[in-house]
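> Sequence:
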Amino acid sequence: MKQELIDRVKNLYQEKFGNDFILIDSPGRINLIGEHTDYNEGFVFPAAIDKGIVSAIGKNNSGKCHLFSADFGIPFEFSPKEVKPLPNGEWRNYVLGVVGELEKKGIQVPAFNFVFAGDIPQGAGLSSSAALENSVVFGLNELFNLGLSKRDMIFISQKAEHNYVGVRCGIMDQYASMFGEEDKAVLLDCRTLESKLFPLEFENHQLVLINTNVSHKLVEAEYNDRRDVCEKVASLLKVGFLRDASEASLMTIKNLLTEEEYQKALYIIQENERVLMAGKALNDGNIEEFGKLLFKAHLGAQHQFKISCVELDYLVEEARQNPNIIGSRMMGGGFGGCTINIVKKESVKQFTEDIAKAYKNKFDRNCSIYFVKISQGTHLIKN
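Note that our numbering has the sequence shown beginning at -6, numbered continuously upward.
Hints are not guaranteed to be accurate.
Capping the alpha-carbon separation at 27 Å, the derived lysine-lysine pairs in DSS-like fashion look like this [what the hints assert, rightly or not]:
# : residue 1 : residue 2
1 : Lys152    : Lys189
2 : Lys(-5)   : Lys338
3 : Lys342    : Lys189
4 : Lys285    : Lys225
5 : Lys177    : Lys337
6 : Lys375    : Lys355
7 : Lys342    : Lys289
8 : Lys375    : Lys3
FRET-style restraints, in silico, Cβ to Cβ [what the hints assert, rightly or not]:
#  : residue 1 : residue 2 : range
9  : Phe137    : Gln7      : 19 to 27 Å
10 : Pro103    : Gln263    : 28 to 36 Å
11 : Leu79     : Phe137    : 19 to 27 Å
12 : Lys57     : Ile100    : 16 to 24 Å
13 : Asp277    : Ser55     : 54 to 62 Å
14 : Leu190    : Glu252    : 37 to 45 Å
15 : Arg1      : Glu240    : 46 to 54 Å
16 : Lys338    : Asn156    : 39 to 47 Å
17 : Phe137    : Asn248    : 52 to 60 Å
18 : Gly159    : Gln263    : 24 to 32 Å
No lab work stands behind these hints: they were computed from the structure. From a predicted model like this one, the values you see are computed outputs, not experimental measurements. The beta carbon of each residue, even a glycine, is placed where N, CA and C say it ideally should be.
Between the sequences and the hints, there should be enough to build the whole structure, so can you do that?
Listed below in structure tokens is the structure:
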């Protein structure tokens, strides 16, 4: 599949702009556990996957940047000297955002051509946005020798999303997409950006993603609303971020919070703990304990942080009732997208057939099932 994507992008670029270009592979990501903890400077446990965005980027002398999305069939051009977000700009704002944020750092980006295509299902919560941002900034850095480190690049990608798309995301998606390694998950401290790699080799189990095919409302108020609550509680606790709070300290200001605010803050504190416990469980080879933490994380997302939806809850509950599934939870920002499931290998076929049928009967809608491999982060493809 990846080679088909590479050939498609290559051929399109050659057709439109000629033969002088470089190719970038920028992956999406899964997150094993640790949802909404990243912007609280907490802990997350992502991994880059073998679905992502392939792009071709090359120089031009026209003074204009020419973009083409193979998936949408849409061309777009802009002057790199006049960059501002577009109303309803969609994918274009991710590219504009990267160029705009580079310029804020005093880096004047020359004109370029950019063609891209992806195989990350839209709205699945697999971070197609971070993959696109990273592919642009990585490509520009390579093409024009900008001298940026990978760490510089992920912050440019993040700011592009904040300032041009309007989502105040944490750093996890960009980090996982940029720094991921094959067959390894990254336990990331979102404050220090220190990370530890854990081999992700489930000998007798397989990771299965099930997409509800219910769309995100992420760019709207829900995500930023959760962030506002976290910031309010941190401020009342006189700490920088909920990373610095404990259940005991939260209890001391409970009377200043609504029950909903209290539960949301409590979820973040407990989720951070779960991520660290998940790392220990993987280290100890205790896959059963790891799976239990996933189920607990889902209950927190569902009842405390309230970012789940009936379709996600149904899929996790079905998994919970199945003795061949050792862990399941909703993954991503919430309100749709995928569940991540750890399934005994011999049961994968039966489970996926049964769940697809049951989901269709329940919601009169098909779910989509993906098997992902853990892959390398954003990198040059030898052309």
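> If a hint holds in the structure, say so; if it doesn't, say that too.
Tested hints:
A hinted pair counts as satisfied when its Cα atoms are at most 27 Å apart, and lysine 152 with lysine 189 qualifies at roughly 25 Å. Using a Cα cut-off of 27 Å, the hinted pair lysine -5 and lysine 338 holds, with the two alpha carbons roughly 24 Å apart. A threshold of 27 Å between alpha carbons decides the hint, and for lysine 342 with lysine 189 the separation of about 33 Å lies outside it, so the pair is violated. Annotation: proposed proximity of lysine 285 to lysine 225 is violated, straight-line Cα distance about 31 Å (limit 27 Å).
Distance check on the hinted pair: lysine 177 and lysine 337 sit about 19 Å apart at the alpha-carbon level, within 27 Å; holds. A hinted pair counts as satisfied when its Cα atoms are at most 27 Å apart, and lysine 375 with lysine 355 does not qualify at roughly 46 Å. Between lysine 342 and lysine 289 the alpha-carbon distance is near 25 Å, which keeps this suggested pair within the 27 Å criterion. Our distance criterion of 27 Å between C-alpha atoms is met by lysine 375 and lysine 3, whose separation comes to about 12 Å.
Distance hint check for phenylalanine 137 and glutamine 7: the Cβ-Cβ separation is about 21 Å, which falls inside the suggested range of 19 to 27 Å. For the pair proline 103 and glutamine 263, the beta carbons lie near 49 Å from each other, so the given range of 28 to 36 Å is not met. Range check, leucine 79 to phenylalanine 137: Cβ separation about 24 Å, and the 19 to 27 Å hint holds. Taken as a hint, the range 16 to 24 Å holds for the pair lysine 57 and isoleucine 100, whose Cβ atoms sit roughly 18 Å apart.
Checked against the hint of 54 to 62 Å, the pair aspartate 277 and serine 55 passes, with Cβ atoms roughly 58 Å apart. Distance hint check for leucine 190 and glutamate 252: the Cβ-Cβ separation is about 39 Å, which falls inside the suggested range of 37 to 45 Å. A C-beta distance of roughly 51 Å is found between arginine 1 and glutamate 240, which places it inside the suggested range of 46 to 54 Å. One distance hint, 39 to 47 Å for the beta-carbon pair lysine 338 and asparagine 156, holds here, with the actual separation near 44 Å.
At roughly 56 Å, the beta carbons of phenylalanine 137 and asparagine 248 sit within the given window of 52 to 60 Å. Our hint of 24 to 32 Å for glycine 159 and glutamine 263 holds, since their Cβ atoms are close to 29 Å apart.
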